[in-house]
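Engineer: One letter stands for each residue in the lines below.
Number of protein chains: 2
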Amino acid sequence: MLGGGQLGRMMSMAAARLGYKTHIYCPEKNNPAEQVSYRATHADYDDIPALEKFAGEVDVVTYEFENIPVSTVEAITKTTPVYPNSKVLEVSQDRLTEKNFLNDLGIVTAPYEGVSSLAQAVDVLNDISYPAVLKTRRFGYDGKGQAIVKNGDDLIAAWQKLSSDKVIVEGFIDFDIEISVLAIRGQDGEIKCFAPVENQHKNHILDLSIAPARIDDEIRDEAIKQATKIIKEIDYVGVLTVEFFVSKNDPMLRVNEIAPRVHNSGHWTIEACLSSQFEQHIRAICGLPLGDVSFKGEARMTNLIGEDILKMPTLLNDPAANVHHYGKYEVRAGRKMGHVTWLYPDKI
Amino acid sequence: MLGGGQLGRMMSMAAARLGYKTHIYCPEKNNPAEQVSYRATHADYDDIPALEKFAGEVDVVTYEFENIPVSTVEAITKTTPVYPNSKVLEVSQDRLTEKNFLNDLGIVTAPYEGVSSLAQAVDVLNDISYPAVLKTRRFGYDGKGQAIVKNGDDLIAAWQKLSSDKVIVEGFIDFDIEISVLAIRGQDGEIKCFAPVENQHKNHILDLSIAPARIDDEIRDEAIKQATKIIKEIDYVGVLTVEFFVSKNDPMLRVNEIAPRVHNSGHWTIEACLSSQFEQHIRAICGLPLGDVSFKGEARMTNLIGEDILKMPTLLNDPAANVHHYGKYEVRAGRKMGHVTWLYPDKI
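Protein chains in written order, with our numbering: chain A, 1 to 348; chain B, 1 to 348.
Among the clues, some could well be false.
One copy or two, it doesn't matter: identical chains are merged, so the pair holds either way.
Computed list of lysine-lysine pairs in DSS-like fashion (alpha-carbon distance at most 30 angstroms, straight line) [stated by the list, open to error]:
# : residue 1 : residue 2
1 : 296       : 192
2 : 248       : 161
3 : 21        : 53
4 : 78        : 248
5 : 53        : 166
6 : 296       : 144
7 : 311       : 78
8 : 166       : 328
9 : 296       : 311
Note that these hints are calculated values from the structure, not bench results.
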C-alpha cells in the first residue's frame with residue numbers, strides 16, 4: 001500500500017479480514033495505516049532502491065491517494081503489479097487531462113478551459129462567463145488550490161493566490177445535489193457499482209453522506225451507467241469514485257471529478273453494505289470475485305473533523321452510531337480524525 | 001493483549017476502529033494477532049522483566065485465552081489494570097473450582113465430583129452413575145483432556161489416557177441444544193447480554209452457531225438471567241461466555257462451562273449486531289459505555305477448520321457470506337483457520 005492515511009488504514013483492515021498481510025509504504029512515521037498493518041517502510045516516493053525493495057517483498061501494490069508520482073508506480077510495475085494502473089493516475093492528477101479524458105468519452109462536465117496566464121483567463125471567461133471556478137491543475141484536494149470568481153477583482157485576486165501557470169477555468173455549476181458513485185472493476189473485467197450516495201460539504205470538506213442519495217431512479221441509473229463507462233474505458237482494477245453534480249435546472253448530469261481510489265463518500269458501505277468499498281477494492285486488486293453491493297440498510301455518515309473527535313464519548317452512547325477513530329496522534333483544525341456511520345436497518 | 005490468536009486479532013481490529021493501538025504479548029512469532037496490531041513482544045508468560053516492560057508501555061491489559069498463568073496477571077496488575085481480573089482466571093482454569101463457584105451461586109450444572117484416584121472415581125460413579133464424563137481439571141479445550149465413560153472398561157481406559165490425579169467426574173447430560181450467552185460488564189457495573197446463540201459441535205469443536213438460538217422465550221430469559229448473575233458476582237469487566245445445556249426432559253438449564261473472554265460462539269456478532277463481542281470487550285476494558293446488542297439480522301456462523309479454508313474461493317462468490325481468514329501460515333488438521341458468517345437482514 002502506497003500511503004499511510006485513514007483510507008489505507010481501513011483497506012488494511014479489510015485485507016486482514018480476508019487473510020492478507022499489508023505492508024505500508026509512506027514517508028510519514030506514526031501514520032494511521034501502519035498501526036493496523038503487518039509491516040511498514042518509511043521512505044520517499046522517489047527513493048527508487050526503497051521502492052524496489054518494497055516491491056520485492058509484496059505480491060500486489062495499490063495506493064490510497066492519487067498524488068503518488070507516476071514514476072513511483074512505474075518503478076514498482078517493473079517487478080510487481082500495481083492496481084489501479086498508472087494511466088488513471090496520469091489522468092486524475094491533472095484536472096485538465098481528466099476533463100479532456102471524460103469529454104472524449106462523451107461524459108459531460110462543467111465547461112472548462114486550461115489557461116497559463118491571467119490574460120488568457122480573462123479571454124476564456126468571455127466564453128465561460130462569471131461566476132466561474134479557478135483551480136490549479138495539480139495537487140488540489142478538499143477545496144485547496146481553488147477559488148470561486150464572480151468578477152474581475154475576484155479573478156485578479158484568485159490568480160495571485162493560486163500563483164501557478166497551470167490553471168483550469170471551469171464554469172460554476174449551481175447544483176442542487178452532489179452525488180458520487182463508487183464503481184468497482186475486477187481483474188476479469190467484472191463491474192459493480194454501489195448505489196449513488198449524496199454528499200454535503202462544509203468548508204469544502206465532506207461533512208455528511210446520505211446513502212442512498214435522494215434522487216430519481218433515472219438519475220441513479222444514468223450516474224451508474226456513466227461510472228461504468230469510465231471505469232471500463234480506463235481498464236481500471238479496484239474502486240473508482242466518480243462525483244456528479246445534479247441540478248434541477250440542468251438536464252445533464254455533470255461529472256465533477258474522479259478519484260482513483262476508495263473515497264470518503266464511501267465509508268458508509270462498511271456498515272450498510274454486504275461488502276464495503278474497502279473489501280471490494282482488496283477483492284479487485286487481489287483477483288478475487290467482487291462482493292455484493294446490496295444494502296443492509298440506509299445510512300448516514302459524517303466526518304469528525306478536528307475537534308469533532310472530542311464528541312466521541314457522546315457518540316459512543318448512541319446505540320446506532322458506528323464510530324471510527326483513525327488513531328491520529330494530534331488533533332488539528334480541518335484534519336479528518338474519524339467518522340461516524342448511523343445505520344437504519346428498519347428502513348431497508 | 002496477552003495472547004496472539006484469532007480472538008486477539010479480532011479484538012485488535014475492534015480496538016483500532018475506536019482509535020486504540022494494541023500491543024500483543026505472546027511467546028509465538030508469526031501469530032495472527034500481531035499482523036493487525038501496533039506492536040508485539042515475544043516472550044514467555046513467566047518472563048517477569050518482559051511482562052513488567054510490557055505493562056509499562058500500555059494503559060490497560062486484557063487476554064484472549066484463559067490458560068494464562070495467574071502469576072502473569074498478578075505481575076502486570078502491580079502497575080497496570082488487567083481486565084477481566086485474575087479471580088475469574090483462577091476459577092475458570094480449574095473445572096472443579098469453576099463448578100464449585102457456580103453451584104455456590106445457586107447455578108445448576110451437571111452433577112460432579114473431584115477425584116484423584118481410580119478407586120475414588122469408581123466410588124463417585126456409584127452416585128453419579130454411567131454414562132459420565134471424565135475431564136482433567138485443568139488445560140482442557142475443544143474436547144481435549146476428556147472422555148465419555150459408559151462402563152468400567154471405559155473408565156479404566158479413560159483413567160489411563162487422561163493420566164492425571166486431578167480429575168473431575170461429571171454426569172453425562174443428554175442435552176438437545178447447547179446454547180451460549182455472551183455477557184458484557186462495564187467498569188461502571190453496567191451489564192448487557194447478547195441473545196443466546198445455539199452451538200453445534202463436530203469432533204468436539206464448534207462447527208455451527210445459529211443466532212438467535214431456537215429456544216423458548218422462557219429459556220432465553222432464564223439463560224440471560226443466570227449469565228447476568230455470574231458476571232455480576234465475579235466483579236467481572238469485559239465479555240464473559242456462559243455455555244448452557246438445554247434438554248427437553250430436564251426442567252433445569254445447566255451451565256456447561258464459562259470462558260472469561262470473547263468466544264468462538266460470538267463471532268456472528270461482527271455482522272449481525274450493532275456492536276460486536278470484540279467491540280464490547282474493548283469498550284468494557286477501556287471504561288467506555290457498552291454498545292448496543294440488538295440484531296441487524298439473523299445469522300449463521302461456521303468455522304473453517306483445517307482444509308475447510310480451501311473453500312474460500314467458493315465462499316467469496318456467495319454474496320451473503322462474510323469470510324474471515326485468520327492469516328495463519330500453515331493449514332493443519334483441526335486448526336481454526338477462519339470462519340464465515342451468513343447474515344439474513346430480511347429475517348429481522
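Engineer: Decide, hint by hint, whether the structure agrees.
Structural biologist: Here is what the structure says about each hint:
1. In this assembly of identical chains, the alpha carbons of residue 296 and residue 192 lie at most 30 angstroms apart whether taken from the same copy (17 angstroms) or from different copies (24 angstroms).
2. Taking the shortest alpha-carbon separations for residue 248 and residue 161, neither the intra-copy value of 33 angstroms nor the inter-copy value of 79 angstroms comes in at or below 30 angstroms.
3. Taking CA atoms no more than 30 angstroms apart as the test, residue 21 paired with residue 53 passes in both settings, with 17 angstroms inside one copy and 27 angstroms between copies.
4. For the homomeric pair residue 78 and residue 248, neither the shortest alpha-carbon distance inside one copy (48 angstroms) nor that between copies (67 angstroms) is at most 30 angstroms.
5. When the C-alpha separation of residue 53 and residue 166 is checked against a cutoff of 30 angstroms, the pair qualifies neither within a copy, at 35 angstroms, nor between copies, at 55 angstroms.
6. Taking CA atoms no more than 30 angstroms apart as the test, residue 296 paired with residue 144 passes in neither setting, with 35 angstroms inside one copy and 40 angstroms between copies.
7. In the homo-oligomer, the alpha carbons of residue 311 and residue 78 never lie at most 30 angstroms apart, since the shortest distance is 47 angstroms inside one protomer and 33 angstroms across protomers.
8. With identical chains, the CA atoms of residue 166 and residue 328 are never at most 30 angstroms apart, being 33 angstroms at best within one copy and 51 angstroms at best between copies.
9. Taking the shortest alpha-carbon separations for residue 296 and residue 311, both the intra-copy value of 26 angstroms and the inter-copy value of 25 angstroms come in at or below 30 angstroms.
In this structure, the earlier hints numbered 2, 4, 5, 6, 7 and 8 are contradicted, and the remaining ones agree with it.
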